[in-house]
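Colleague: Residue numbers (this note's numbering), protein chains in the order written: chain A, 1 to 291; chain B, 1 to 339.
Among the hints, erroneous ones may be present.
Straight line, CA to CA, 27 angstroms or less: simulated DSSO-like cross-link-like pairs of lysine-lysine [stated by the list, open to error]: (1) Lys232/B / Lys203/A; (2) Lys89/B / Lys253/A; (3) Lys51/B / Lys175/B; (4) Lys2/A / Lys164/A; (5) Lys256/A / Lys174/B; (6) Lys131/B / Lys255/A; (7) Lys51/B / Lys256/A.
Which chain B residues stay away from chain A? Per the calculated CB distances, all over 12 angstroms, these [as the list claims (entries may be wrong)]: (8) Lys45; (9) Lys51; (10) Asp65; (11) Asp66; (12) Gln164; (13) Leu189; (14) Lys232.
Derived from the structure by calculation, the hints contain no laboratory data.
Quick caveat: nothing in here was measured; it's all calculated off a predicted structure.
From the three backbone atoms N, C-alpha and C, an ideal C-beta is built for every residue, glycine too.
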Amino acid sequence: MKGYKIIVLAKQVPDTRNVGKDAMKADGTVNRAALPAIFNPEDLNALEQGLRIKENFPGTTITILTMGPGRAAEIIREGMFRGADDGILLTDRAFAGSDTLATSYALGQALKKIGSYDIIIAGRQAIDGDTAQVGPQVAEKLGLPQITYVEEIQSISKGMITVKRRLEHGVEVVKCPLPLVVTVNSSAPDCRARNAKLIMKYKHAKTISEMQDANDDYLHLYNDRPYLNIKEWTVQDIEVNPIELGLAGSPTKVKKVENVVLQSKGAKVITASDEDMDQLMRELIENHTIG
Amino acid sequence: MNSVFVYCEIEDGQVAEVSLELLTKGRSLATELNCKLEAIAIGYKLDGIEKDIFPYGVDVLHIADDKRLAPYTTLPHNSIVVKLFQEEKPQIALMGASSIGRDLGPRVSSALHSGLTADCTSLVIGDHEDKKADKVYENLLYQIRPAFGGNIIATIINPDCRPQMATVREGVMKKAILDPKYKGIINKLDISRYTNDIDFVVELIERHIEKSKVNIKGAQIIVAGGYGVGSKENFDLLFELAEVLGGEVGASRAAVDSGYVGHDRQIGQTGTTVRPKLYIACGISGQIQHRAGMEESAQIIAINTDPEAPINSIADYVITGDVSVILPKMIKFYKANTK
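Only chain A is shown next, with the shape it has when bound in the complex:
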């Protein structure tokens, strides 16, 4: 069996779930430096679905494709520690300011350069935007069918994939021909942990930019061991129409950003003492809020 060629679309995101007090600057903009950067959680669920296919179909390869700044190579290594075979970092200042559509265009052009794939798997949405748009938009850019909200890839056979979707009010099982784009929910199984052997194997994997800072002792490694080379693509490496990139290629513009300012309603402050709690419940019953 020849296995399948899987591309996992992943994003490095600020961990918005752990926003501390220094997350916002005095001028009301986001202080990205104060937020830890992580592998977008649902993209890890997506990777796990890919890894399960790889287990069941020997010969399957998994490539992680991410767009972001140089440091986003961290999540490619993270994916390799868990079982991905290689990765491509799409990075260029020309991508800065992309909305979901310009992002999907760039990812779509990178996928066209990759050329062949059976299954493109992405997380349903990224926690910094929660839009859930990039998966379906990449599918449209490539003219592929899409299946969103996937909880489990149940089987692949004779060029058809069967998946279970978890929707707001129920469950669907659908069948679709390959190739296609699948987006995976957080209700899907968590991604397996890093594998110690793979950490040893890939801990020195680097992009070309990162290699420039590497110690001379390691430089020979990258010639001897090609799997340590994480591909780094800029706009020069993919075919693009510059007006579709970055801010210029983004139909949506941010008109205004407001820091959230709270004005107190002047709440009654009460303690947890028996007297206060008794008084509170009496008040709520008397004004017919409860009871």
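Dock chain B against the given chain A, drawing on the hints supplied.
Modeller: Leaving out everything else, chain B in the frame of chain A:
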């Protein structure tokens, strides 16, 4: 003047609540812009569906009725909407931020190269001056939503691309019939002109609709818990208080993500929007996404160990302390005072 369009989701032959809410919002936008409100319904056996749609002030209803169009699959619905929008050129298009709208919306926006803003909490008409290009845009749709973990509220616009697209969650907009006798026009679409055979490659094998047992949207009293509740076991206290008061249990996203309760109880921008008589927030810090889903509650009690928690600023009563101490007292004194 180009129209405002609403994609109407059909569930079991009925128009989804979120679509009716968007028709109401769409009507007020269309009136302000002095243009028509149009709607599209795609499904099977849709005879009579206009009776549910016209009263919201819909001027033109486009209907695509075919056995293969229900239940929903992405590609044929996408082809119909894209082609229809290319013909009708709406200035604004609204969809529910449901599992259908969030599947369809991005695909349509990509095909039309039009911007789409997800999960808006407010939609307003306004102008925009692009100082760099020395250009003034009149009557744009301001698409307003919390962003970045709720630390900011962003106003998004699409100055140049049409339609300006937005998705909105169920419960965010209020549903109201404009005129029960409102007369609109029906336009039946010829499916063969709008779809191709390859649109039907996805085959639905099985479908279970699980009606949610939880009805937080309709509850008059909600006891909601956040990450600060600390564990699944501690949530039992919330269930106990909710039962005693005749209410429902809700949760913040952090509590749902931590596995304390199911997603169907999530309140906030990416969950359900609620407006109960009483909202008891337990161990909820109160980020904007959560507040967006509950701040219109008539009375709010905030219970938190942090006296500086943001939720306190919108609360009517602030109790600083531990949920596991305070809830049993509320139960005790409620019972004592209602005997």
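Colleague: Next step is simple, just say for each hint if it's right about the structure.
Modeller: Going through the hints against the structure:
1. Lys232/B / Lys203/A: violated, 38 angstroms
2. Lys89/B / Lys253/A: Within the cut-off at roughly 21 angstroms; holds.
3. Lys51/B / Lys175/B: Status holds; Cα separation ~16 angstroms.
4. Lys2/A / Lys164/A: holds, 25 angstroms
5. Lys256/A / Lys174/B: holds, 25 angstroms
6. Lys131/B / Lys255/A: Holds, at roughly 12 angstroms.
7. Lys51/B / Lys256/A: violated, 40 angstroms
8. Lys45: holds, 20 angstroms
9. Lys51: holds, 24 angstroms
10. Asp65: holds, 22 angstroms
11. Asp66: With a cut-off of 12 angstroms, Asp66/B remains clear of chain A, as the shortest Cβ separation is near 18 angstroms.
12. Gln164: violated, 9 angstroms
13. Leu189: holds, 21 angstroms
14. Lys232: holds, 17 angstroms
Comparing the model with each earlier hint shows violations of hints 1, 7 and 12; every other hint is respected.
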